[in-house]
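Protein sequence lines, in the order shown, are assigned to chains A and B. With the numbering used here applied, the first sequence corresponds to residues 1 to 335, in that order. With the numbering used here applied, the second sequence corresponds to residues 1 to 119, in that order.
The set of hints was computed from the structure by calculation and includes no laboratory data. Keep in mind it's a predicted model, so treat the numbers as computed, not measured. Glycine residues also receive a C-beta, built at the ideal position from the N, C-alpha and C atoms. Any given hint might turn out to be false.
What the hints assert, rightly or not - Lysine to aspartate or glutamate pairs mimicking EDC-like chemistry, simulated, CA-CA at most 16 Å apart:
1. B:Lys8 - A:Glu120
2. A:Lys29 - B:Glu78
3. A:Lys29 - B:Asp89
4. A:Lys29 - A:Asp293
5. A:Lys76 - A:Asp185
Stated by the list, open to error - Covered by chain A, per the in silico footprint, the following chain B stretches (three or more residues, Cβ under 8 Å):
6. 43-50
7. 75-84
8. 90-99
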Amino acid sequence: MVPVSAGLVHTSDYPGNYPGYDDTWDMQKFQKNFRIDIVHLDESTMEFDMVGIDAAIANAFRRILLAEVPTMAIEKVFIYNNTSIVQDEVLAHRLGLVPIKADPRLFEYRSTGEASAEEEGSEIDTIQLQLKIKCSRNPRATKDSADPRELYLNHMVYSRDIKWVPIGNQADVFADSVIAPVHDDILIAQLRPGQELDVIMHCVKGIGQDHAKFSPVATASYRLLPDITLLEPVEGERAERLKRCFSRGVIDIQDVAGKKVAKVVDSRLDTCSREFLRHDDLKNAVKLARFRDHFIFTVESTGILPPDVLVTEAIKVLMVKCQRFLSELDSTDLE
Amino acid sequence: MAGEGEKKPVLEMVQADGADEGCVTFVLHNEDHTLGNSLRYMIMKTADVDFCGYTITHPSESKINFRIQTRGSIPATEPLRSGLNELSDVCQHVLNTFQVSLSITYEINCPVVVQHTSV
C-alpha cells in the first residue's frame, strides 16, 4: 500500500515505496550494517566514518555538535574600571568569545526568572574570573627606543591575565584542575601607561543556539564518501589525463600487458571537482556518485572538551530530547 | 516545571473535530530540524503510517508542527511513541558502537594517528 506521503518526502526507503519489498524499520538489520571507524583522533581534532545510517540522523548529530552541546563561557562582565581605548561593550564581547577550559558537565544551568538569584551566582552554576591589569612605563627602557615592548610594561592584555577566583567550595572540588582560558595567548586589549582594566567576569553554562560563544566545536562537518566507477577501460594517454582530473592518489596507472590502464584506488581522497566532465572524451567514461549512507565526520574542538567526548555528549543530547517527549506523552496520557 | 507564571507547554496536540484519532498535528515547542527530521524519518519507516511530515511554521518561533496520519484506526500517538523509542534505541546503539570503536583505537595507540588503509 503506497502511503499518502509518497512523492512528498525526500527519502525513498519508506515502506510502500517499492511494491513487494518491506522497508519497515528493522533494528536487527540496522545493527548488522551499522559501523563506526575512527580514522584520526588527537586532542583537538577527530575524523571518523559513520556507515549505515540515514542522513536525517547524521545531520541531527552534526547540528547538535554545533548548537546544543553545552559549554561554559563568560556571560556577565562587571566593569569596575576601564580606562583603555577599548569600549566597555567591545571588551565584554571579546571576553565572551574566549573559550574557558571548564568541564560543563560539572556545572548546572543558571535558573532564570528568579530576580533575587540573578545577581549572585552560586558555586554550582557560576565560575568567577578576574582581569586586573595596569599598564605602566618601563623605568629601565633606553632613552631612544621606540619599541612598545621595551617602553611599556603590561601593554598587551592576553587571556593568560584572566585569573580564576574560586567561590564557595570550588577550591576543593577543582583542587587538581585550574580553571582558565584554553589558550593563554589570545590578545584581548592593548594599553598605554596610566590605563588599566579592572573587571570581574561570571561564566555560565549555555548552548550554541543561544550564542555562538557557547559552541564547543571550531566546526563539525560531514561529507559523503564519493563513489567513482570507470564505465569503460581507460588506457594510455587518456589514462594520464584522467589521473590529473581527480585529486592526487585517487586514480593509479597500472601496467597491464604493456598498456597503461587507469584504476580507481582510493575514492575517499577525492574532492569531487568534476573536472573530468570538461573533457569530451572522458566525460562518458566515469560515473561519479556518492554513497548515501557513508558519512565522513570531521570534528574540531575548541579545546574545552576532547572531540570524542563531544560526539558522545551529542548522541546523549538526542537521546534526552526523545526521552523528554516520551515522558511528556506519558504524562498527558495519564491525565 | 516549578516557577512563577504559567507552565510552558512542550507538546500540544491539535486535532480536527470529527476526524478520527489517526490524524493529529503535534506542536513540539523548542524544537527544530534536529529532532523534526530524524523523528520524521523514523516514523515514516513505521508500518501503517499514511502520512508523516513536519514544518517550521515561522523561523522566528522555535516550534514545529508535526503531522501524523495513520492507516486504519490506529491512534496517532502510537507511531509517535514508537518513533521516539526507536530513535532513542538508534542513539543508544550508535553510542555503544562509538565507545567500542574508541576503546579499540585507544588500545592500538594513545594518542593516535591511525593510517587510513583503503579497502
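Now the hints, each set against the structure:
1. With a C-alpha separation of about 25 Å, the suggested pairing of lysine 8 of chain B with glutamate 120 of chain A is violated against the 16 Å cut-off.
2. With a C-alpha separation of about 23 Å, the suggested pair lysine 29 of chain A and glutamate 78 of chain B falls outside the 16 Å cut-off, and the hint is violated.
3. For the suggested pair lysine 29 of chain A and aspartate 89 of chain B, the alpha carbons sit about 13 Å apart, so the restraint of at most 16 Å is met.
4. This hinted pair checks out: lysine 29 of chain A and aspartate 293 of chain A have alpha carbons roughly 14 Å apart, not beyond 16 Å.
5. Of the supplied pair hints, the one linking lysine 76 of chain A and aspartate 185 of chain A is violated, its CA atoms being roughly 22 Å apart against a limit of 16 Å.
6. A stretch counts as covered by a chain when three or more of its residues have a beta carbon under 8 Å from one of that chain; for the stretch 43-50 of chain B and chain A the count is 6, and the coverage holds.
7. Counting residues of the stretch 75-84 of chain B whose beta carbon lies closer than 8 Å to any beta carbon of chain A gives 4, which meets the minimum of three for the stated coverage.
8. For a cut-off of 8 Å, the count of residues in the stretch 90-99 of chain B with a CB near a CB of chain A stands at 9, and the three-residue condition holds.
Violated hints for the displayed structure, listed by number in ascending order: 1, 2, 5.
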